[in-house]
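Residue numbers (numbering that gives the first Met the number 0), protein chains in the order written: chain A, 0 to 145; chain B, 0 to 145; chain C, 0 to 145; chain D, 0 to 145; chain E, 0 to 145; chain F, 0 to 145; chain G, 0 to 145; chain H, 0 to 145; chain I, 0 to 145; chain J, 0 to 145.
These are computed hints drawn from the structure, not numbers from a lab.
Among the clues, some could well be false.
Capping the alpha-carbon separation at 30 Å, the derived lysine-lysine pairs in DSSO-like fashion look like this [said to hold, decoys possible]:
| id | chain 1 | residue 1 | chain 2 | residue 2 |
| --- | --- | --- | --- | --- |
| 1 | F | Lys144 | J | Lys21 |
| 2 | B | Lys45 | H | Lys105 |
| 3 | D | Lys125 | B | Lys130 |
| 4 | B | Lys20 | A | Lys130 |
| 5 | A | Lys144 | B | Lys21 |
| 6 | F | Lys105 | E | Lys144 |
| 7 | J | Lys45 | I | Lys119 |
| 8 | H | Lys124 | A | Lys124 |
| 9 | J | Lys21 | H | Lys105 |
| 10 | H | Lys45 | J | Lys65 |
| 11 | J | Lys8 | H | Lys45 |
| 12 | C | Lys132 | D | Lys11 |
| 13 | G | Lys138 | B | Lys138 |
| 14 | B | Lys130 | C | Lys138 |
| 15 | F | Lys130 | D | Lys21 |
| 16 | B | Lys144 | A | Lys105 |
| 17 | J | Lys65 | E | Lys45 |
| 18 | D | Lys38 | D | Lys20 |
| 19 | E | Lys122 | C | Lys12 |
| 20 | D | Lys21 | A | Lys105 |
| 21 | J | Lys144 | E | Lys11 |
| 22 | A | Lys38 | D | Lys20 |
| 23 | B | Lys122 | G | Lys138 |
| 24 | B | Lys144 | A | Lys138 |
| 25 | B | Lys45 | A | Lys20 |
| 26 | C | Lys119 | B | Lys20 |
| 27 | F | Lys125 | D | Lys138 |
| 28 | E | Lys144 | D | Lys12 |
| 29 | J | Lys122 | I | Lys105 |
| 30 | D | Lys38 | F | Lys144 |
| 31 | J | Lys105 | I | Lys12 |
| 32 | I | Lys105 | J | Lys65 |
| 33 | C | Lys8 | E | Lys65 |
| 34 | J | Lys119 | F | Lys144 |
Some residues of chain B that are not near chain C, with every Cβ distance over 10 Å (derived) [unchecked claim]:
| id | residue |
| --- | --- |
| 35 | Gly35 |
| 36 | Ile49 |
| 37 | Ile59 |
We put the beta carbon where it would ideally sit given N, CA and C, even for glycine.
There are 10 protein chains.
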Amino acid sequence: MCQTLFEAKAAKKLTFADIGKKINKDEVWVAAVFYGQAKPDESDLKELSIVLDIRENYLINDFGTKTYFPDRGGLFQMPPTDPVIYRFYEILQVYGYPLKAVIHEKFGDGIMSAIDFTAKVDKIKKEDHEKVKITFEGKFLPYRKW
Amino acid sequence: MCQTLFEAKAAKKLTFADIGKKINKDEVWVAAVFYGQAKPDESDLKELSIVLDIRENYLINDFGTKTYFPDRGGLFQMPPTDPVIYRFYEILQVYGYPLKAVIHEKFGDGIMSAIDFTAKVDKIKKEDHEKVKITFEGKFLPYRKW
Amino acid sequence: MCQTLFEAKAAKKLTFADIGKKINKDEVWVAAVFYGQAKPDESDLKELSIVLDIRENYLINDFGTKTYFPDRGGLFQMPPTDPVIYRFYEILQVYGYPLKAVIHEKFGDGIMSAIDFTAKVDKIKKEDHEKVKITFEGKFLPYRKW
Amino acid sequence: MCQTLFEAKAAKKLTFADIGKKINKDEVWVAAVFYGQAKPDESDLKELSIVLDIRENYLINDFGTKTYFPDRGGLFQMPPTDPVIYRFYEILQVYGYPLKAVIHEKFGDGIMSAIDFTAKVDKIKKEDHEKVKITFEGKFLPYRKW
Amino acid sequence: MCQTLFEAKAAKKLTFADIGKKINKDEVWVAAVFYGQAKPDESDLKELSIVLDIRENYLINDFGTKTYFPDRGGLFQMPPTDPVIYRFYEILQVYGYPLKAVIHEKFGDGIMSAIDFTAKVDKIKKEDHEKVKITFEGKFLPYRKW
Amino acid sequence: MCQTLFEAKAAKKLTFADIGKKINKDEVWVAAVFYGQAKPDESDLKELSIVLDIRENYLINDFGTKTYFPDRGGLFQMPPTDPVIYRFYEILQVYGYPLKAVIHEKFGDGIMSAIDFTAKVDKIKKEDHEKVKITFEGKFLPYRKW
Amino acid sequence: MCQTLFEAKAAKKLTFADIGKKINKDEVWVAAVFYGQAKPDESDLKELSIVLDIRENYLINDFGTKTYFPDRGGLFQMPPTDPVIYRFYEILQVYGYPLKAVIHEKFGDGIMSAIDFTAKVDKIKKEDHEKVKITFEGKFLPYRKW
Amino acid sequence: MCQTLFEAKAAKKLTFADIGKKINKDEVWVAAVFYGQAKPDESDLKELSIVLDIRENYLINDFGTKTYFPDRGGLFQMPPTDPVIYRFYEILQVYGYPLKAVIHEKFGDGIMSAIDFTAKVDKIKKEDHEKVKITFEGKFLPYRKW
Amino acid sequence: MCQTLFEAKAAKKLTFADIGKKINKDEVWVAAVFYGQAKPDESDLKELSIVLDIRENYLINDFGTKTYFPDRGGLFQMPPTDPVIYRFYEILQVYGYPLKAVIHEKFGDGIMSAIDFTAKVDKIKKEDHEKVKITFEGKFLPYRKW
Amino acid sequence: MCQTLFEAKAAKKLTFADIGKKINKDEVWVAAVFYGQAKPDESDLKELSIVLDIRENYLINDFGTKTYFPDRGGLFQMPPTDPVIYRFYEILQVYGYPLKAVIHEKFGDGIMSAIDFTAKVDKIKKEDHEKVKITFEGKFLPYRKW
């Protein structure tokens with residue numbers, strides 16, 4: 000099924016940003032749908048079917064049913080071999096404890112949710128180079144005591 | 000040595016943010032120094048020695064020499080078991096390919112540097128909860144052909 | 000530090016249930032504190048210091064500071080070798096997908112939180128044997144779209 | 000074969016709970032049959048064949064024979080990558096020893112069976128959110144000495 | 000603690016069989032106690048203290064308390080490197096499925112318990128060699144349906 | 000090829016015990032042949048061809064040639080996920096060293112062969128349950144010095 | 000797709016060096032394209048289509064689109080089993096720390112880029128043998144402080 | 000022992016290049032000696048003892064005996080976590096097959112020796128940055144047929 | 000392709016020894032060719048084509064080209080599960096350090112080449128049993144200093 | 000204990016070959032004793048005590064008791080990182096199946112014992128280099144049918 004989405008996107012020469020603008024979603028979330036990592040609802044699928052020119056029913060039967068739920072993760076073996084993805088892994092190895100410590104000092108005993116969560120990619124232009132800016136926002140969830 | 004830093008910090012009841020403000024560095028980078036993941040230079044160490052009340056020479060001999068270089072990574076086994084750190088790992092598993100795809104579409108064939116790189120943690124206050132905001136910025140490095 | 004807690008408990012011949020009753024917490028959460036998997040606050044520590052006859056300051060300096068946070072997980076290698084703990088692992092292997100499917104059908108696209116979460120152990124007496132009853136309750140967190 | 004079951008279920012738009020009610024079994028156990036993790040007997044299969052409108056013989060030849068036995072486990076790699084299933088894994092990592100300790104204090108030297116065992120999922124409605132409640136019950140098996 | 004048991008045994012030049020005969024237990028179970036893999040009760044410990052000439056209280060404080068429970072498994076990494084132990088591992092690799100199939104055909108859907116279980120080692124003398132005979136007996140536990 | 004054997008057995012509704020009785024071999028060894036873990040010779044194959052009603056030549060060409068040798072092991076990943084097989088793995092983890100110690104004390108420095116070896120499964124009927132009895136016999140091989 | 004490139008190369012009996020000379024690129028980079036590890040741009044593909052006699056459009060649709068990006072790494076499991084590739088792995092194991100130390104002493108706190116990077120293979124003829132000379136050149140990237 | 004070497008080097012504020020120049024060896028090989036990855040002979044040790052001001056006998060007893068041989072490798076877990084060393088690992092993942100292919104096309108069926116081998120690090124100054132140049136030279140060893 | 004070789008060998012009922020004698024090579028090397036672990040040259044292939052009655056061109060196109068090189072290793076996962084192959088692995092585990100120590104004492108700092116290398120299998124007949132004799136010969140390669 | 004053996008050997012400047020000659024054993028077996036991989040009997044220990052000038056009782060108490068048995072294997076992680084030992088591992092990866100095939104064709108269905116087994120190292124002098132010759136001999140053990 001994902002295959003169908005990617006082919007339609009390639010045929011139409013659309014980027015994820017193009018699609019996102021049209022269906023009013025962020026490009027990262029749109030890409031997550033394409034990679035089978037996010038669940039669109041029926042209205043998202045209707046908009047996608049128009050943008051990508053795929054029969055609406057076809058999309059809804061595959062993605063929109065009450066019993067379809069993405070099997071998240073599992074796209075690649077850890078540690079990642081691709082250098083783009085590996086750099087995130089390296090950031091985790093190097094800055095994992097510093098980030099944990101700062102989160103704790105700022106928020107207390109809890110975590111940043113990866114479910115009630117958003118991720119964005121921005122381009123920052125500098126004089127002679129560009130910077131990739133990644134922004135993660137997740138609800139802080141404090142540990143419950145009982 | 001890191002032990003000494005942590006103990007001085009605990010004795011003075013300082014957060015990484017407190018220290019960062021005093022030595023004019025971001026709290027995440029300061030925490031990275033404490034965890035042995037970043038290399039401060041001599042002037043950083045002088046400021047640290049004042050803030051933490053540790054003999055300057057002591058710090059410089061351990062951290063400031065021309066032949067000391069941090070052995071980065073290796074603080075924990077992957078996948079991480081601590082839930083705070085694991086959530087970053089999960090984000091990588093779920094959103095790794097979507098992020099790679101969007102970076103490529105925005106920048107071309109290359110990577111976000113994890114070396115010419117900064118990481119920040121911010122707190123966003125919402126009405127009935129708080130959000131953790133993580134911002135990564137890294138130079139875009141295009142693949143060389145030869 | 001945990002060592003101190005366990006020794007005091009052994010000396011006083013208290014079970015986790017005994018301690019839990021006295022400090023008004025569930026026995027599983029109390030055990031989690033002893034194993035360094037949960038963070039008690041100052042009032043918990045004051046009560047613990049009385050029950051276990053440990054100097055209050057001693058406990059608070061180790062567990063009650065603003066910069067102490069448990070490093071959760073990591074007590075054993077996975078898969079677990081101990082048969083008691085392994086059975087939970089096996090339940091996960093065998094019933095993991097069935098549980099995921101039923102959670103999704105009942106709640107939609109999201110997860111059961113392991114943070115806003117409680118765990119209990121009860122004994123059910125049958126005529127010629129006993130049953131272990133484990134109850135997990137966790138907030139349902141729906142996936143955010145963005 | 001499982002494929003056939005899932006397709007029939009999708010065509011009939013039945014949840015595991017719907018099926019369970021009709022064949023007088025719990026929804027988690029029904030899901031376990033669909034995922035090939037539990038062995039139904041002939042009378043279960045007769046009922047399933049009616050509910051799902053699949054030829055009885057077909058089901059019985061595949062599932063009901065004296066020599067078919069499920070190969071349990073093995074549906075996914077550990078640690079699980081899917082966040083729903085991972086949370087159970089994390090609970091095990093964090094609360095494994097506390098649970099073992101409390102089981103031992105309550106029952107003595109032995110284990111909770113994962114064979115003479117049941118698992119249930121309930122929904123608890125709170126004012127502004129829902130809670131997932133998982134209940135495991137397993138026979139306590141004391142270690143034999145010899 | 001185990002160290003103490005082994006040293007007492009070495010000093011007295013006793014085999015596990017010798018000790019087993021004196022305390023009326025099988026030698027394999029006795030060895031399991033020495034390796035920290037089985038929990039003796041108070042009367043076992045009293046007998047052991049006599050046989051090994053160790054102060055009774057000493058043994059009971061370590062092994063006989065209501066809150067001591069062995070952490071089973073974990074004595075070595077899998078796959079085992081020692082050839083004696085590896086052969087069992089190889090038997091499992093080669094004959095695992097045949098054994099599973101025969102158990103199922105003889106008993107139905109269930110397992111041989113490793114908890115309500117005994118293991119014995121016997122020597123069979125042949126004309127020009129000896130045979131090792133290992134006998135495992137475990138209760139058959141049928142899978143529960145619910 | 001194994002596929003052919005299993006299908007013929009299913010069609011004839013024979014258990015491994017049935018087949019074993021007819022060709023004068025133990026059921027576990029017969030199952031090992033079916034799973035490709037043992038090498039039958041030509042006379043075994045002739046008998047099997049009669050019992051299972053498979054053309055003799057067909058069996059002999061696949062199994063009986065001078066250059067066919069089973070590739071033993073490799074049927075599943077370790078640790079095993081199936082609970083029936085896992086219990087053997089757990090027995091090894093828990094009782095591995097005790098068994099090694101007792102074998103050494105009884106036989107000296109050497110191993111139980113897994114090659115000059117037999118395995119049996121018996122059912123022991125008790126009043127209200129059944130017991131699985133597994134018997135392994137292997138030649139004792141002493142270490143050579145040179 | 001890579002399959003097509005390799006077959007055309009085999010049919011024309013060209014080495015990577017031959018192709019590199021014709022399209023004005025180094026042979027290692029050309030091989031990287033063939034193995035799907037480097038991204039050629041449109042003008043590279045035009046030249047390749049001539050050298051290999053493959054339809055230009057065909058190559059450009061697969062490799063030259065704005066949304067195709069190689070998934071680098073992942074061609075083999077680590078550690079490598081092939082002896083040619085393993086030797087590089089061994090060099091890393093043995094000389095990894097010495098190389099890190101010397102790079103740090105010569106350049107300071109940072110890394111050799113694997114992105115802004117080139118690799119070459121040369122043959123050095125000695126009297127009675129040949130030497131393989133590998134040259135890696137990568138931009139030095141100093142760690143940023145923030 | 001290595002500890003002694005590093006401390007003497009630190010006390011004298013020497014780089015590996017400084018030491019190499021004095022004992023007429025390459026700095027990478029010198030670093031390999033310090034990390035216990037290369038075996039110096041007696042005359043190397045005599046020179047080292049002068050440069051580092053360590054008693055000659057002390058060095059020779061540890062490193063120069065006929066029965067001391069380095070246990071190479073094993074300094075870190077693979078994949079490496081340190082970013083400097085990881086980049087070499089990544090180069091291997093990405094360019095491993097291209098390098099193998101080019102070596103084969105240039106030399107035939109064989110390998111580059113990692114034993115009859117040298118490694119060098121050079122700095123190349125560019126206008127606004129520096130480049131790290133790594134040169135490996137190893138004897139080509141053709142596969143023997145027999 | 001290997002498939003073709005094995006089938007021709009089976010059809011002609013030849014052992015590797017038979018083939019080796021005819022093409023004047025050792026049986027182990029011949030087997031290595033069949034398993035894709037050694038590279039025959041054109042004259043070897045011509046002889047093989049006669050012995051096995053396979054069209055010469057067919058063999059040469061697959062194995063004899065200037066750009067075909069075996070991808071050695073990778074035939075099985077380590078540790079090996081097959082008992083025949085595992086015994087070599089066990090020998091390595093048990094006698095690895097003793098062999099390393101003796102090689103060093105006899106030859107100095109270096110290795111036995113696995114490239115300029117031969118392996119043989121012989122049968123030694125004893126009165127009541129047979130012995131397998133394996134002989135490895137490899138060039139000694141001393142470590143280079145630089 | 001092994002430590003004592005190695006120190007005595009170093010002090011006396013003996014090679015394993017020297018010791019072997021004096022106690023009438025092969026040098027590889029002697030090295031295996033030193034590395035804790037083989038069990039000497041009392042008469043071996045008496046001879047060793049003379050050669051190495053260690054008190055006889057001391058050796059016999061540690062190695063010669065009826066309850067001491069070596070824990071074989073486990074000296075290093077697999078795959079081995081040391082190049083000398085790795086080459087044996089590589090030989091296994093590359094020639095494992097060819098050796099298995101030839102052993103089977105020569106001997107039938109069975110294995111070469113690693114218990115009733117000897118290993119030797121010889122030096123073969125060639126005109127301009129030396130060869131390492133390793134000879135393994137192990138009893139052939141045919142698989143039993145039952």
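Each hint tested on the structure:
With a C-alpha separation of about 15 Å, the suggested pair Lys144(F) and Lys21(J) falls inside the 30 Å cut-off, and the hint holds. Note on Lys45(B) and Lys105(H): the hinted pairing is violated, with a Cα-Cα distance of about 55 Å set against a maximum of 30 Å. Taking the CA atoms of Lys125(D) and Lys130(B), the gap is about 22 Å. The hint holds against a cut of 30 Å. Distance hint between Lys20(B) and Lys130(A) is fulfilled; the C-alpha atoms sit about 25 Å from each other, no more than 30 Å.
For a cut-off of 30 Å, the pair hint linking Lys144(A) to Lys21(B) is broken: about 35 Å separates their Cα positions. A hinted pair counts as satisfied when its Cα atoms are at most 30 Å apart, and Lys105(F) with Lys144(E) does not qualify at roughly 44 Å. Taking the CA atoms of Lys45(J) and Lys119(I), the gap is near 38 Å; set against the 30 Å cutoff, the hint is violated. For the hint linking Lys124(H) to Lys124(A), the alpha-carbon distance of about 27 Å falls within 30 Å, and the restraint holds.
With a C-alpha separation of about 52 Å, the suggested pair Lys21(J) and Lys105(H) falls outside the 30 Å cut-off, and the hint is violated. Distance restraint check for Lys45(H) and Lys65(J): the Cα-Cα separation of roughly 48 Å exceeds the 30 Å cut-off, and the hinted pair is therefore not satisfied. For the proposed pair Lys8(J) and Lys45(H), the alpha carbon gap of about 24 Å is at most 30 Å, so the pair holds. Only pairs whose Cα atoms come within 30 Å are accepted, and Lys132(C) paired with Lys11(D) is rejected, the gap being roughly 35 Å.
Among the hinted pairs, Lys138(G) with Lys138(B) is consistent with the structure: their alpha-carbon atoms are about 14 Å apart, no more than 30 Å. Between Lys130(B) and Lys138(C), the direct Cα distance comes to roughly 17 Å. Compliance with the 30 Å bound is thereby established for this hinted pair. Only pairs whose Cα atoms come within 30 Å are accepted, and Lys130(F) paired with Lys21(D) is rejected, the gap being roughly 35 Å. The straight-line distance between the Cα atoms of Lys144(B) and Lys105(A) is roughly 44 Å, outside the 30 Å bound, and the hint therefore fails.
With a C-alpha separation of about 26 Å, the suggested pairing of Lys65(J) with Lys45(E) holds against the 30 Å cut-off. For the hint linking Lys38(D) to Lys20(D), the alpha-carbon distance of about 18 Å falls within 30 Å, and the restraint holds. Our distance criterion of 30 Å between C-alpha atoms is broken by Lys122(E) and Lys12(C), whose separation comes to about 45 Å. With a CA separation close to 52 Å, the supplied pair Lys21(D) and Lys105(A) exceeds the 30 Å bound.
Only pairs whose Cα atoms come within 30 Å are accepted, and Lys144(J) paired with Lys11(E) is rejected, the gap being roughly 43 Å. Among the hinted pairs, Lys38(A) with Lys20(D) is consistent with the structure: their alpha-carbon atoms are about 28 Å apart, no more than 30 Å. Only pairs whose Cα atoms come within 30 Å are accepted, and Lys122(B) paired with Lys138(G) is rejected, the gap being roughly 36 Å. Restraint check for Lys144(B) and Lys138(A): the C-alpha separation of about 42 Å exceeds 30 Å, so the hint is violated.
Our distance criterion of 30 Å between C-alpha atoms is broken by Lys45(B) and Lys20(A), whose separation comes to about 51 Å. Restraint check: the Cα-Cα separation between Lys119(C) and Lys20(B) comes to about 44 Å, which exceeds 30 Å; the hinted pair is violated. Using a Cα cut-off of 30 Å, the hinted pair Lys125(F) and Lys138(D) holds, with the two alpha carbons roughly 19 Å apart. At most 30 Å may separate the alpha-carbon atoms for a hinted pair to count; Lys144(E) and Lys12(D) meet this at roughly 24 Å.
Simply put, Lys122(J) and Lys105(I) have alpha-carbon atoms about 7 Å apart, close enough for the 30 Å limit, and the pair holds. With a C-alpha separation of about 53 Å, the suggested pairing of Lys38(D) with Lys144(F) is violated against the 30 Å cut-off. The hinted pair formed by Lys105(J) and Lys12(I) meets the criterion: a straight-line CA distance of about 14 Å does not exceed 30 Å. With a C-alpha separation of about 34 Å, the suggested pair Lys105(I) and Lys65(J) falls outside the 30 Å cut-off, and the hint is violated.
This hinted pair checks out: Lys8(C) and Lys65(E) have alpha carbons roughly 12 Å apart, not beyond 30 Å. Annotation: proposed proximity of Lys119(J) to Lys144(F) holds, straight-line Cα distance about 12 Å (limit 30 Å). Listed as a non-interface residue, Gly35(B) keeps its Cβ farther than 10 Å from every Cβ of chain C; the least gap is roughly 16 Å. Distance to chain C confirms Ile49(B) as a non-interface residue, since its nearest Cβ pair spans about 20 Å, more than 10 Å.
Once the 10 Å rule is applied to beta carbons, Ile59(B) is consistent with being away from chain C; the minimum gap is 25 Å.
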